[in-house]
Amino acid sequence: MNQGRVDACLDELDRDRAAAVRGAYLKGESYAELAVRHGVPLNTMRTWLRRSLLKLRECLER
Amino acid sequence: MTPDDNIPHEHGDNLLAAEYVLGVLEAPERRSTAGRIEAEPAFARLVDRWEVDLAPLSAAYTPVEAPASVKAGIDRRLFSSAASERIERGSLWSSLAFWRGLAAAALAAFAVAVIVPLVRTPVATPDSRYVAALSADASDVKYVAVYDRSEGEVSLAHLAGHKAADRDFELWMIDGNNAPVSMGVLPAGDTIRITLTPALKAKLAAGAVLAISLEPAGGSPTGLPTGPVVAAGDLKSI
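Residue numbers (the numbering used here), protein chains in the order written: chain A, 13 to 74; chain B, 1275 to 1512.
None of these hints come from the bench; they were simulated from the model. Since we're looking at a predicted model, the values are computed, not measured. It cannot be assumed that every hint is accurate.
Derived EDC-like pairs: lysine to aspartate or glutamate, alpha-carbon spacing no greater than 16 Å straight-line [claimed, not checked]:
{"hint": "1", "chain 1": "A", "residue 1": "39", "chain 2": "B", "residue 2": "1414"}
{"hint": "2", "chain 1": "A", "residue 1": "39", "chain 2": "B", "residue 2": "1464"}
{"hint": "3", "chain 1": "A", "residue 1": "39", "chain 2": "A", "residue 2": "70"}
{"hint": "4", "chain 1": "B", "residue 1": "1437", "chain 2": "B", "residue 2": "1414"}
{"hint": "5", "chain 1": "A", "residue 1": "39", "chain 2": "B", "residue 2": "1349"}
{"hint": "6", "chain 1": "B", "residue 1": "1510", "chain 2": "B", "residue 2": "1349"}
{"hint": "7", "chain 1": "A", "residue 1": "39", "chain 2": "A", "residue 2": "73"}
{"hint": "8", "chain 1": "B", "residue 1": "1477", "chain 2": "B", "residue 2": "1425"}
{"hint": "9", "chain 1": "B", "residue 1": "1510", "chain 2": "B", "residue 2": "1449"}
Simulated DEER-style distance windows between Cβ atoms [claimed, not checked]:
{"hint": "10", "chain 1": "A", "residue 1": "74", "chain 2": "B", "residue 2": "1427", "range": "27 to 33 Å"}
{"hint": "11", "chain 1": "B", "residue 1": "1387", "chain 2": "A", "residue 2": "52", "range": "36 to 42 Å"}
{"hint": "12", "chain 1": "B", "residue 1": "1480", "chain 2": "A", "residue 2": "26", "range": "22 to 28 Å"}
{"hint": "13", "chain 1": "A", "residue 1": "74", "chain 2": "B", "residue 2": "1459", "range": "35 to 41 Å"}
The following residues of chain A were derived to be distant from chain B, with all beta-carbon distances above 12 Å [unchecked claim]:
{"hint": "14", "residue": "24"}
{"hint": "15", "residue": "27"}
{"hint": "16", "residue": "51"}
We treat Cβ as the ideally placed atom computed from N, Cα and C, and that holds for glycine.
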């Protein structure tokens, strides 16, 4: 297993963005819920998360 | 997907796969994505890779977060048409749908075979028997648990999956937002019986989540799960 790898990669993201990824995965939060919790518009939340996911994938591939 | 985010188009499927695994899609998009997993092996592999890569996150949950994550995972597996067997990377054979169906049927058959003998004995009081099917994404460990409240005993049948020789499986009860409570290290064997302490018996009821984590030999040194949750399920009254 790549235990720790994904955590290390999340640590390379801004803290609140990593928190959004974790929140989505662990709590099953939807974009709408994440947007409310982080106080940003839905589209902003979606863009945030997608950019974070691309960075995460890039890091995981290294 | 919306075109607002200046993200190159070639990442579209990869992002959609990640969004699916994270569970952020709304129901209609989730359903259409589930359809693509069945129909497109290349897309299914993207989803598979995200599931494998993100799975370690569930080991890092705080006790408060655990029930939600566990439940979301279980719900995805049980109630989504895309319920997917994520046994390990590279396990995609020819037809995902076939293997998933076979695995689900096998689990159901095992559950019936195990539960029926356990529950057919006369029941003293209603609501005294509970059952939970324990499994998790990114893990091939499967157990079925039957709780007999009147006996104060949990019976576990080991269906699939093994631990490393120098590790132990530890059983936990998670009740609402409370911290997980250890029910002990699971001994080896196909059938395991655990007699509950009065304190555990008082807490264990329908709606509680049973979870199995991978721990150092002898069990968690901290009194809380330290390793990944390899299987979990809701306790249902039967």
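Hint check:
Proposed proximity of residue 39 of chain A and residue 1414 of chain B is contradicted: the alpha carbons are some 22 Å apart, above 16 Å. The hinted pair formed by residue 39 of chain A and residue 1464 of chain B fails the criterion: a straight-line CA distance of about 32 Å is larger than 16 Å. Straight-line distance between C-alpha atoms of residue 39 of chain A and residue 70 of chain A comes to about 24 Å, which puts the hinted pair past the 16 Å bound. Restraint check: the Cα-Cα separation between residue 1437 of chain B and residue 1414 of chain B comes to about 10 Å, which is no more than 16 Å; the hinted pair holds.
Our distance criterion of 16 Å between C-alpha atoms is met by residue 39 of chain A and residue 1349 of chain B, whose separation comes to about 13 Å. About 14 Å separates the Cα atoms of residue 1510 of chain B and residue 1349 of chain B, which keeps this hinted pair within 16 Å; it holds. Between residue 39 of chain A and residue 73 of chain A the alpha-carbon distance is near 26 Å, which puts this suggested pair outside the 16 Å criterion. Restraint check for residue 1477 of chain B and residue 1425 of chain B: the C-alpha separation of about 15 Å stays at or below 16 Å, so the hint holds.
A threshold of 16 Å between alpha carbons decides the hint, and for residue 1510 of chain B with residue 1449 of chain B the separation of about 13 Å falls inside it, so the pair holds. In this structure, residue 74 of chain A and residue 1427 of chain B break the distance hint of 27 to 33 Å, their C-beta atoms being roughly 50 Å apart. At roughly 51 Å, the beta carbons of residue 1387 of chain B and residue 52 of chain A sit outside the given window of 36 to 42 Å. Our hint of 22 to 28 Å for residue 1480 of chain B and residue 26 of chain A is violated, since their Cβ atoms are close to 41 Å apart.
Hint check: residue 74 of chain A to residue 1459 of chain B, Cβ distance near 37 Å, so the stated range 35 to 41 Å holds. For residue 24 of chain A, the condition that its CB be more than 12 Å from all CB atoms of chain B holds, with the nearest at approximately 14 Å. Residue 27 of chain A, annotated as away from the interface, keeps every beta carbon of chain B farther than 12 Å; the closest lies near 15 Å. At the 12 Å boundary, the C-beta of residue 51 of chain A stays outside the reach of chain B, the nearest C-beta of that chain being 17 Å off.
When the structure is compared with the earlier hints, violations turn up for hints 1, 2, 3, 7, 10, 11, 12 and for no others.
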